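Sequences and hints are given; from them, build the entire structure.
Number of protein chains: 2
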Amino acid sequence: MRLYNVHTLKETADVLNNNFSFKTETIHINDAYHRVLAEDVIAEINVPSFRRSTVDGYAVRATDTNGASDTMPMLITDMGSVEMGKVINESLKADQGIYVPTGGMVPDGADAMVMIEYTERFSEDTIAVLKQALPLEHIVGIGSDVKMGEKILSCHQKLQARHIGVLAAAGVFYIKVYKKLTATVISTGDELITSEQDLKPGQVFDINTHTIRNRLAHFDVDVIKQHVLQDDKALIKRTMEEAISKSDITIISGGSSVGDKDYTAEIIDELDDHGVLIHGLAVKPGKPTIVGKVKDKLVIGLPGHPVSALIVLDQVLEMYLSQMSSYKATQVKRILSRNVHAAPGKATFIMVEIDHENAEPIQGKSGMITLMSKAHGYIMIDENHEGVDEGSLVNVTLLD
Amino acid sequence: MRLYNVHTLKETADVLNNNFSFKTETIHINDAYHRVLAEDVIAEINVPSFRRSTVDGYAVRATDTNGASDTMPMLITDMGSVEMGKVINESLKADQGIYVPTGGMVPDGADAMVMIEYTERFSEDTIAVLKQALPLEHIVGIGSDVKMGEKILSCHQKLQARHIGVLAAAGVFYIKVYKKLTATVISTGDELITSEQDLKPGQVFDINTHTIRNRLAHFDVDVIKQHVLQDDKALIKRTMEEAISKSDITIISGGSSVGDKDYTAEIIDELDDHGVLIHGLAVKPGKPTIVGKVKDKLVIGLPGHPVSALIVLDQVLEMYLSQMSSYKATQVKRILSRNVHAAPGKATFIMVEIDHENAEPIQGKSGMITLMSKAHGYIMIDENHEGVDEGSLVNVTLLD
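Protein chains in written order, with our numbering: chain U, 1 to 400; chain A, 1 to 400.
Hint data in this document are derived by calculation from the structure and do not stem from the laboratory. Be aware that one or more of the hints could be misleading.
Said to hold, decoys possible - In silico BS3-like cross-links for lysine-lysine, where the CA-CA straight-line distance does not exceed 30 Å:
(1) LYS374/A <-> LYS23/U
(2) LYS86/U <-> LYS225/A
(3) LYS200/A <-> LYS93/U
(4) LYS261/U <-> LYS131/A
(5) LYS333/U <-> LYS131/A
(6) LYS333/U <-> LYS147/A
(7) LYS180/A <-> LYS158/U
(8) LYS151/U <-> LYS180/U
(9) LYS158/A <-> LYS284/U
(10) LYS147/U <-> LYS180/A
What the hints assert, rightly or not - Per label pair, the in silico range of CB-to-CB distance:
(11) LYS131/A <-> GLU357/U: 42 to 48 Å
(12) LYS374/U <-> ASP222/A: 40 to 46 Å
(13) GLU196/U <-> ASN66/A: 45 to 51 Å
(14) ASP198/U <-> THR126/A: 36 to 42 Å
(15) ASN66/A <-> PRO201/U: 39 to 45 Å
(16) GLU44/A <-> SER322/U: 39 to 45 Å
Since this is a predicted model, take the numbers as computed values, not measurements. For every residue, glycine included, the Cβ atom is placed at its ideal position computed from N, Cα and C.
As structure tokens, this is what we get:
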């Protein structure tokens, strides 16, 4: 009989860090949503790349407006206007002004903008300036937002809408990112059937392929195949071999314990010298968990219980991905509405319902479906604590 | 000259609710990730659908074990074992026991499970029971998790991994959901160029198609096309007409104000009798925003400033989608690290950086890129408040 080789979450993180690495590729920013940077990103241009007006008005030399006021306007020659998006090559000379719209280019020679509100047409080719302009007023200098060569985003950043906007603004259209990960998801159990089969007494519809597949989507891992298998060692081994050859991560639920029909650890050891790295996590629920390495790919054996499988998957994946991505699951703070007890020496996970203020632990006696349909997230009590008191502020990791 | 027809966010929500509705379709749960239920979901089976053992052990009649103890075991006849996933049709008779693994079916006649730990083999066909079993002990009754016909999920639920697991468990494989929405994204401005063009003085790379397209991905809206257009009314109108005919939502940034080259409102009014429903939001930043209705489709005109566009898009989309989806943007509570001031009579949005405890407002003078690369989210100060004091607990809406 196999024995557990139990690791804490911290030890598991170390094992994952020491055994796995990630490939990179270069992509266009149009394909960058939720991808993870594999290098720091440097601005390729100055932003703005020209002196930009922040107002509609006249570009002038500030000294030409010295002393200007409503009662004592200064007159400048109207040299026409700058068009948006167009370069203005002429240099402004003394006592000249040129109209520049917001965002337009301020011509050389000018060092201030006078807002249109503080000007009046005096004659066909003369403008009266009614207010003294200060040097550099209403002008954004070249590179004042970002300088060419400046770091604008850091390696390991998961790219959201705002980051991709930053890349475009800085003229960076190709970026080095980590390759997207693929997975195969396998559920095992003689009692399991799929949606294509009719339910007979003694059987249950498989849940884990569904929850795991969709939780992987949340982690931006593409599931390329899913299987529901009977507890047939040869069949499971064949399926795992194919899964490992075709995907980066193979996740198999059920059969991860140490009983007669628990084949997962055996198969992982047969497939590779590295084989099983960890068998047993110091967590509750979720002890019967396996982390394995076959052909340098990650294999995760999860408990068959759907809620345990979902929680353990979250922990293992987040640790595994932490080498590439700074992304962390979203946590919200809530007030615990009831005392909860934890298993000493283990990290204990407790499913909770939340509202705007509170986190309500879901009764352990609740049925599995009730638990899964109600739980907005979970709290973790680490191995050094025996529980958390009602009224404590807790961090809830969201499942949604 | 056009005049603003300013609405508060609340008024805007009402306009959106009164003018738009959503189509539905039926899909398989394999395609259900992040889709939104368009009806309550009813369990199609009892869960479990048979009496299920929660332990490895012997199914017995509880009365047959009355008085059993280590020193006074009760003997039962070993009738063999139930296989996982298999039906057991024979009914258990008095003084009989049958082995049932965890999750297996408890045969008729039996009303309790004795854990394997409390049994001993007495002879080839006899088992000694060392502990008295209580009626219904270690048995999950039919429908005790969910009863056939019971509501398991509510209309408007956005489906996450756990919900899809619930559907599978309850035998519900086809569900009615809202159709996925599609969008076309248009940026306008004479100064804008795309990644395919070389930057000349006076020009800037378009940002809004990138930020808007990817923010729509966050809202699970599929962008089918994006355009960067010069301020050419005929071209913009042609492009908008095509966009409106091919997608559910048309989003156009720039040209949403009331100046000479601001064509968006004009075009929306020309394309449909409904036309512009709202021109101007009582928010800061983001006043020059348009909500229009053309051929029953939503048209949103956003300010050209990328940060304003992103914030307003969030507000309008969340209100628009609130009719179909109970989903709300994730908010986290933080302590404000500095006093902030708000525009009276307007909802004011302030970008913030957050850590585990605090929300730090990002200086208004920061460049646009700095703002977008740093801001983890924003806080909103409603129109009835003039600011928020340092040290206050604030809700930060996450942009990530």
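Do the hints match the structure? See the list:
1. LYS374/A <-> LYS23/U: holds, 27 Å
2. LYS86/U <-> LYS225/A: holds, 27 Å
3. LYS200/A <-> LYS93/U: holds, 24 Å
4. LYS261/U <-> LYS131/A: With a Cα-Cα distance of about 27 Å, the restraint between LYS261/U and LYS131/A holds, given a limit of 30 Å.
5. LYS333/U <-> LYS131/A: Judged against 30 Å, a Cα distance of about 46 Å means the pair is violated.
6. LYS333/U <-> LYS147/A: violated, 34 Å
7. LYS180/A <-> LYS158/U: At roughly 25 Å apart (the allowed maximum being 30 Å), LYS158/U and LYS180/A satisfy the hint.
8. LYS151/U <-> LYS180/U: Distance of about 24 Å is within 30 Å: holds.
9. LYS158/A <-> LYS284/U: holds, 28 Å
10. LYS147/U <-> LYS180/A: violated, 41 Å
11. LYS131/A <-> GLU357/U: 42 to 48 Å: holds, 45 Å
12. LYS374/U <-> ASP222/A: 40 to 46 Å: 31 Å Cβ-Cβ, so the 40 to 46 Å window is violated.
13. GLU196/U <-> ASN66/A: 45 to 51 Å: holds, 46 Å
14. ASP198/U <-> THR126/A: 36 to 42 Å: Holds, at about 38 Å.
15. ASN66/A <-> PRO201/U: 39 to 45 Å: violated, 29 Å
16. GLU44/A <-> SER322/U: 39 to 45 Å: Since GLU44/A and SER322/U have Cβ atoms about 40 Å apart, the given range 39 to 45 Å holds.
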